[in-house]
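Both chains are sitting in their own frames, so use the hints and assemble them into the complex.
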Amino acid sequence: MGAIFDNFGSGVIPLEGYIFISLIMFFTGIYGFLSRKSLLMILISIEMILNSADINFAAFNRYLYPDQMEGFFFALFTIAISACETAVAIAIVINIYRNLNNVEVDSLQELQEPESTETKTEI
Amino acid sequence: MNYSVFLQLHDELSLLVVMVILLTFDISVSIRRGRYIQPLAIVLLTIHTLLNAFPRDAFEVAGGMYQYFPMHTYVKTILNIGTIIVFLQANKWLNNKDSMIRRGEFYFITLSTLFGLYIMLSAGHFLLFFIGIEMASIPMATLVAFNKYQHKSAEAGAKFILSTVFASGISLYGISMIYGTTGTLYFDDLLPLIVGGPMQIMSFVFFAVGLFFKISLVPFHLWTPDVYEGAPTPVTAYLSVVSKGAAAFVLFTLFTRVFGNLIDEWQSILYGLIIISITLANVFAIRQQNIKRFMAFSSISQAGYLMLGVISASTTGMSSLVYYVLVYLFSNLAIFGVITIIENNTGKVAIKDYNGLYQTNPKLSAIMMFALFSLAGIPPFAGFFSKFFIFAAAAEQGFYVLVFIALLNTIISLYYYLLIVKAMFLRKSDEPIERITSDIPARISLVICLLAIVFAGLLSAVYQQIAAYSFI
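So the protein sequences, as listed, match chains A and B. Per our numbering, the first sequence starts with residue 1, numbered consecutively. Per our numbering, the second sequence starts with residue 1, numbered consecutively.
Hints in this document: simulated from the structure, not taken from any laboratory. Small disclaimer: the values here were computed from a predicted structure and weren't measured. Honestly, I wouldn't trust all of these hints.
Taking lysine to aspartate or glutamate and the EDC-like style, the derived pairs with C-alpha atoms no more than 16 Å apart in a straight line are [stated by the list, open to error]:
#1 K37/A - E104/A
#2 K152/B - E110/A
#3 K37/A - D106/A
#4 K352/B - D430/B
#5 K352/B - E434/B
#6 K152/B - E343/B
#7 K363/B - E434/B
#8 K152/B - E113/A
#9 K152/B - D106/A
Here are a few chain A residues that sit away from chain B, every Cβ distance over 10 Å (derived from the structure) [claimed, not checked]:
#10 G11
#11 V12
#12 P14
#13 F20
#14 I21
#15 S35
#16 N102
A virtual CB, placed ideally from N, CA and C, is assigned to each residue, including glycine.
Just chain B, with the same shape it has in the complex (with noise of 0.2 Å):
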């Protein structure tokens, strides 16, 4: 066998390159010089970003085992940019007195998970999938359960590793019942094989709920608020937007390219499970008091939307998907910032606490309020292109009774999220915040988040891009 073929897989090995740098400078430095990595890490991966970010010809390596297709370039690029943003915004919590003899292992260790979602992403066979699956979900466990010291961060870890284990062996189980029914595990070969035996109908429900897990629709989403709530805010960021978005793009190709001749089953599966996620999480985010487990119910509710790209099923389908991934990202990542920087300054999570922020943090308050309003929809921003392709797309394909419900349940998503809004500029507080000035990383990171929040959806080029490269 000629091994030069790995040397194509070029996102993978420059990653693998990062960590290795990145690991031997942790080893090798003392715990004072420690503060460096965090520009090391986060100026190494701009530059594997930035490398990366053009896309090549598809090509196949080792028989169909590992596939690239140009859409993958701009999925991870948007991966990436999100692994990038979570590190601007981990400083603080990381040099806090607990966690500081461990910070480089926070690197390392995410950028492990995001090479287990980059394996997952270009994998063509169900072996090297589950790897990639694995890879992203075991060390995950670990950082949520960061925070060594605190009940809740432990708690979390148990309830994430144990409930994540116990979704990906009932999908082994449908793997291997994949593999009774036709022999093969290759993607490509298993297209034709597959045609809808009973058993084979039981394979995929099985398997899918690996991936139902992952992006927490609603049956499974059980875990969602309670991981959210425990694990260090960073990590939540990182876990609702990187994580989320790779699976919801996996879901789609694998969805149309493997279980194609299903179409029929999968999308009737597909009709309830958003109905359900979207209404469901909508009321539950309603009577949530700690703003992590509202942003939990609030990602519930996202994934929902997520999957109308995944039903329509075409190649607006897929692009859209990817663009509401990408706006999703900076939506959530400017929250996320916001609910860091007040927690490592205050530990304040409660929503009552956000009462009258305005009065003491006018800038920090209009940033959430603008993020808000994007993830809601409301017009100047990029949170409604996103919303309006991805509704394009279910409707191009006839499911207007859906679109329809989703359209009714953004406007119950845009009540809670203005009480929010509500709170922190209209309610009066007797102890409000006190001003905080944040530390200069965290800020860049809110910065780019705004910018996006307001620029990815008038540039329509970003769009364009994205379908141009849509395959299905």
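One chain only, chain A, in its complex shape (with noise of 0.2 Å):
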């Protein structure tokens, strides 16, 4: 955290200053998959988790291994990657709200565990 305010004004950006990004993305989408009730901002939590790691990759590629490639490579394939998961997901979302009109997560309930163990007293 000190080297974002050693720096501060002189038009250099430190790594940690990409990592202090990427950490409060990560976990705003950690947030908003467990507290958001639309399926649809759950998706968009997820993408920020998965573009949170993204910044990672450049940032420390960048900064720290600046003659190879490895770390850009592995960013732009997952993005095709989280693109293809966006599409499947949309496109069960979209199944969703065909049958049931809403696409809130209290409509899927009816998959969960039995209420009693009553049945089970007989044996």
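And the structure:
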């Protein structure tokens, strides 16, 4: 964290700055995944998690290992993969919308733990 | 660059050929002729399996990006056998009115997840590994949501894709931290560089979450029962056996080869996870009323047993792990075969519907009983030998307390497996399931499973073959 304030105003963004942003994005994504009620918002939260990892890859590559390209390529592939994942997830969400006419998480309650254990007492 | 090196990837190339042939066939023929796609898929996949069943010398392609070890041939063959059996069982379900028009897609998508698992198994670089794991899990979500007019299936699909991508996102963040601390992502280069700094341990924990999720160990298992219940039964069978077996093997190779220096840390993590997985899953399995949900908890506890092979981190551990996957595959697919047949003919999936099954369907109940005995580990069946080897592997490394707890849990699991046997044989029912005439492919699959359950344990050659190529 210190490096961010030391270089403040000098026009140089230190590596810590990028890691800080990516951490904020990561935990925002996790918070959003756990707290949002709409499937689409959950999907956006997941995208944030994936993108925070991409920022990490690009920043580490640029600052620590500038003579190779591994991190940049990983980020590119991840973007492509997350696009595929979003396409499939949206298709499934649309299918749910057709069945139920909404995309709220609360409407996905058909599959859950059975409430009581009464039936097992007759053993 | 010389592209001819890719010709060495026999397994992947021949699977790709099978996929292309099936896709072309599916597109070009009419819906009525489409019923021939099942025999075609099974014949092609069997040829593919036989062609690739013999181990070759170890090699690597693209500077270590893809690494082949002879053991991979056995693991891939086991996965192929599992897929063939699932294909045999899926026929009746695919030919019903809703899914008839889409039945070709089932075979193609299943094979593309299998292709992803192949890539994941043979990866020697985190990029290829990540692509493989995503290639296996994204099409899997479409399979889970395959019955698109049923709410349950759609709901299971949504739960599966959201939680699987969440887990792989966390895993990806871990990989990015590994890259930050070491500057490389090749497995072979990483081994000396990962020495256990705080950030590396953190990155390991982040990364491991994705894999633990895939084999559904306990803190990461919450998706399993819902998805298993909602997915079409053949897909559940595929998910519980093929995808889980591949992930368990990959977990072993990654933990020993990449994170070999963190062995103390991950052994203590696994120690806790194994105990909670086996115990908690057993306790939850007892209170289930739906048989698919019941099998989900049973498979979580079996995943705990699989991890006993990983924690030993020895060559014995690897051979017993692969052998366990093989035996677990046949036992589980036999049970799911019976569940599929009953569900297709009557639509019943509750455990109480199985009351008095022996009166009307003696053969189905006998096969189910043998498979349950094998899962529980009762001696003449293969499940006993696989449990014995995996306990021996863990005890060899001094995990006596852990093995003892696992043994105690075997007794609990015997109790709830016997509940089903009791329901089938001893309970009387006013309206038992009527007599079922199952379709021929499903019968063939059950016979294969039954033979394997009986003989895979008694023929010592099976284990010796696997043990011959174990590596660490």
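Checklist entry - Can the restraint linking K37/A and D106/A be considered satisfied, given a maximum Cα separation of 16 Å? => result It holds: about 7 Å lies between the C-alpha atoms, which stays within 16 Å.
Next on the checklist: Hinted pair, alpha-carbon criterion (16 Å max): K363/B, E434/B. Please report holds or violated.
Outcome noted: Roughly 13 Å separates the two Cα atoms, so the pair holds.
Next on the checklist: K152/B and E113/A were given as a pair; does the straight-line alpha-carbon distance stay at or below 16 Å?
Outcome noted: Status holds; Cα separation ~14 Å.
Item to check | 16 Å Cα cutoff - pair K37/A, E104/A | outcome: With a Cα-Cα distance of about 6 Å, the restraint between K37/A and E104/A holds, given a limit of 16 Å.
Checklist entry - Would you say V12/A is clear of chain B, with no C-beta pair closer than or equal to 10 Å? => result holds, 19 Å
Next on the checklist: What's the verdict on K152/B and E110/A, does the C-alpha distance respect the 16 Å limit or exceed it?
Outcome noted: holds, 7 Å
Checklist entry - When you look at the beta carbon of G11/A, is every beta carbon of chain B farther off than 10 Å? => result Fine: 24 Å to the nearest Cβ keeps G11/A off the interface.
Item to check | I21/A non-interfacial with respect to chain B [C-beta, more than 10 Å] | outcome: Holds, because the least Cβ-Cβ distance between I21/A and chain B comes to about 13 Å, which exceeds 10 Å.
Checklist entry - Closest CB-CB distance from F20/A to chain B, is it above 10 Å? => result At roughly 14 Å from the nearest Cβ of chain B, F20/A sits farther out than 10 Å, so the non-interface label holds.
Next on the checklist: For P14/A, is the shortest CB-to-CB distance to chain B above 10 Å, so the non-interface label stands?
Outcome noted: holds, 14 Å
Checklist entry - Does K352/B pair with D430/B here, judged by a C-alpha cut-off of 16 Å? => result holds, 11 Å
Checklist entry - Regarding the pair K352/B and E434/B, is the alpha-carbon distance no greater than 16 Å? => result With a Cα-Cα distance of about 14 Å, the restraint between K352/B and E434/B holds, given a limit of 16 Å.
The earlier numbered hints are all upheld by this structure, with none contradicted.
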